[in-house]
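Since chain D is already given, all that's left is putting chain B on it; use the hints.
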Amino acid sequence: MGMLDKKYHDSNIIIVGLESALNWARKNSLWYEQFGLACCAIEMMATAASRYDFDRFGIIPRSSPRQADVMIVAGTVTMKMASRILRLYEQMSEPRYVISMGSCSNCGGPYWEHGYHVLKGVDKVVPVDVYVPGCPPRPEALLEGFLKLQEKITGETILQKKESVK
Amino acid sequence: MLTDFGYILLFIVTGAIFVGVALFVAKLVRPDRPNEIKLMTYECGEIPFGDARVQFNNRFYIIGLMFLIFEVEILLLFPWAVVFKEIGWFAFAAMFVFVFLIFIGFIYELGKGQLKWDIPKPRVPRYVEGVGVVDDDYEEKKVNEAVLQTE
Numbered sequence: 001m002g003m004l005d006k007k008y009h010d011s012n013i014i015i016v017g018l019e020s021a022l023n024w025a026r027k028n029s030l031w032y033e034q035f036g037l038a039c040c041a042i043e044m045m046a047t048a049a050s051r052y053d054f055d056r057f058g059i060i061p062r063s064s065p066r067q068a069d070v071m072i073v074a075g076t077v078t079m080k081m082a083s084r085i086l087r088l089y090e091q092m093s094e095p096r097y098v099i100s101m102g103s104c105s106n107c108g109g110p111y112w113e114h115g116y117h118v119l120k121g122v123d124k125v126v127p128v129d130v131y132v133p134g135c136p137p138r139p140e141a142l143l144e145g146f147l148k149l150q151e152k153i154t155g156e157t158i159l160q161k162k163e164s165v166k
Numbered sequence: 001m002l003t004d005f006g007y008i009l010l011f012i013v014t015g016a017i018f019v020g021v022a023l024f025v026a027k028l029v030r031p032d033r034p035n036e037i038k039l040m041t042y043e044c045g046e047i048p049f050g051d052a053r054v055q056f057n058n059r060f061y062i063i064g065l066m067f068l069i070f071e072v073e074i075l076l077l078f079p080w081a082v083v084f085k086e087i088g089w090f091a092f093a094a095m096f097v098f099v100f101l102i103f104i105g106f107i108y109e110l111g112k113g114q115l116k117w118d119i120p121k122p123r124v125p126r127y128v129e130g131v132g133v134v135d136d137d138y139e140e141k142k143v144n145e146a147v148l149q150t151e
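As you go down the protein sequences, you meet chains D and B in turn.
Numbers 1 to 166, taken from this note's numbering, label the letters of the first sequence in order.
Numbers 1 to 151, taken from this note's numbering, label the letters of the second sequence in order.
A portion of the hints provided could be inaccurate.
[To be verified] One-sided excerpt, in silico: chain D residues whose CB lies under 8 Å from chain B:
(1) G2
(2) M3
(3) L4
(4) L18
(5) L22
(6) N23
(7) R62
(8) R87
(9) L88
(10) Q91
[Claimed, not checked] Partial list, computed: chain D residues near chain B (C-beta under 7 Å):
(11) D53
(12) R84
(13) E90
(14) E94
In case anyone wonders, no lab produced these hints; they're calculated from the structure.
Built from N, CA and C at the ideal position, the CB exists for glycine as well.
So here's chain D without its partners, still in its complex pose (with noise of 0.2 Å):
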């Protein structure tokens, strides 16, 4: 455990103060990790391309968990990939979002009903932040999620325990 991270049960103002810092820090630099699992993963490097550009917002992509902050799951999750996700998650350093494109990482999509081998929502092994509805959502409803997810983080306690959180 770090020295400070949760161990206070009332705000503090100065604590505040600093929190904010680091949340304002932490949503402008959403490094998300580089990998697609179907066809969501085209729509998310359109949105990585110029036209919707993610740099504007400090998203940028990254090839090892250690680095990034947010994992897009864009696309089909298959059972032998899941127990993969949840390794690359759990690789990656706190703080670590998740955000989930699309149907079939919403909820199986398509496979809902049928689909043998599909992990019916990436939610089952992995704690998801936002969920991208579509199949596959525009590079818009992606950048929309992106933008909820900062929200979430700029209301976010660092040095509060969650339960104190009035």
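Just chain B, lined up with the frame of chain D:
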């Protein structure tokens, strides 16, 4: 009054303070929850196995070298084939000499036994009741020991 080395000392001390403060503040605010999977070697999500250092048999060197020679030969054959009609028999003779020289080299290499690939007999450990895991020459060693003892 500070000497020139005094200034250097000041710079070293200031640098150390800056680094120390940065590391200390990071230690204060960062989350630090290591677990077994997080500390595991990153291997694209797979479970890592074996050693990072992979050894190749150095006999591949000769194979690779020979491959390179014949590849270059083929590379030279392509432009030769394009201009073959214009230059005619001279081109044919030149290329024939070239290929023949390489062929001589190939024969020489075969004669030297460079392409012979002796495969050493692998040691296969196995389980013997009451003794444990042993090498496959376990019986021979046993017999030798018995002979030595009787002598």
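* **When the least beta-carbon distance from D:N23 to chain B is tested against 8 Å, hint result** => Hint on D:N23: violated, closest Cβ of chain B at ~11 Å, above 8 Å.
* Using 8 Å as the Cβ threshold, decide whether D:L18 counts as touching chain B. => holds, 7 Å
* To do: Tell me if D:M3 is really an interface residue toward chain B, meaning its C-beta lies closer than 8 Å to one of theirs.
  => With Cβ-Cβ at 5 Å, under 8 Å, it holds.
* To do: Would you settle whether the hint for D:R62 is holds or violated, based on the nearest Cβ-Cβ distance to chain B being less than 8 Å?
  => violated, 12 Å
* Should the hint that D:D53 touches chain B count as held when the rule is a Cβ pair under 7 Å? -> Cβ of D:D53 sits 28 Å from chain B, so the hint is violated.
* Asked: Does D:L4 pass the interface hint, meaning its C-beta sits closer than 8 Å to a C-beta of chain B?
  -> holds, 5 Å
* Verify the interface restraint on D:E90: the C-beta must sit less than 7 Å from at least one C-beta of chain B. => With a closest approach of 4 Å, the D:E90 hint holds.
* To do: Could you check if D:G2 really has its C-beta closer than 8 Å to a C-beta on chain B?
  => With a minimum Cβ separation of about 5 Å from chain B (threshold 8 Å), the hint on D:G2 holds.
* **Minimum beta-carbon distance criterion (8 Å), D:Q91 to chain B** => Hint holds; D:Q91 Cβ to chain B Cβ min 6 Å, cut 8 Å.
* Verify the interface restraint on D:L88: the C-beta must sit less than 8 Å from at least one C-beta of chain B. => holds, 5 Å
* Restraint satisfaction for D:R87 [CB to CB of chain B, less than 8 Å] -> Holds: closest Cβ of chain B sits about 5 Å from D:R87, inside 8 Å.
* To do: Against chain B, run the beta carbon of D:E94 and see if the smallest gap drops under 7 Å.
  => holds, 4 Å
In this structure, the hints that do not hold are numbers 6, 7 and 11, in rising order.
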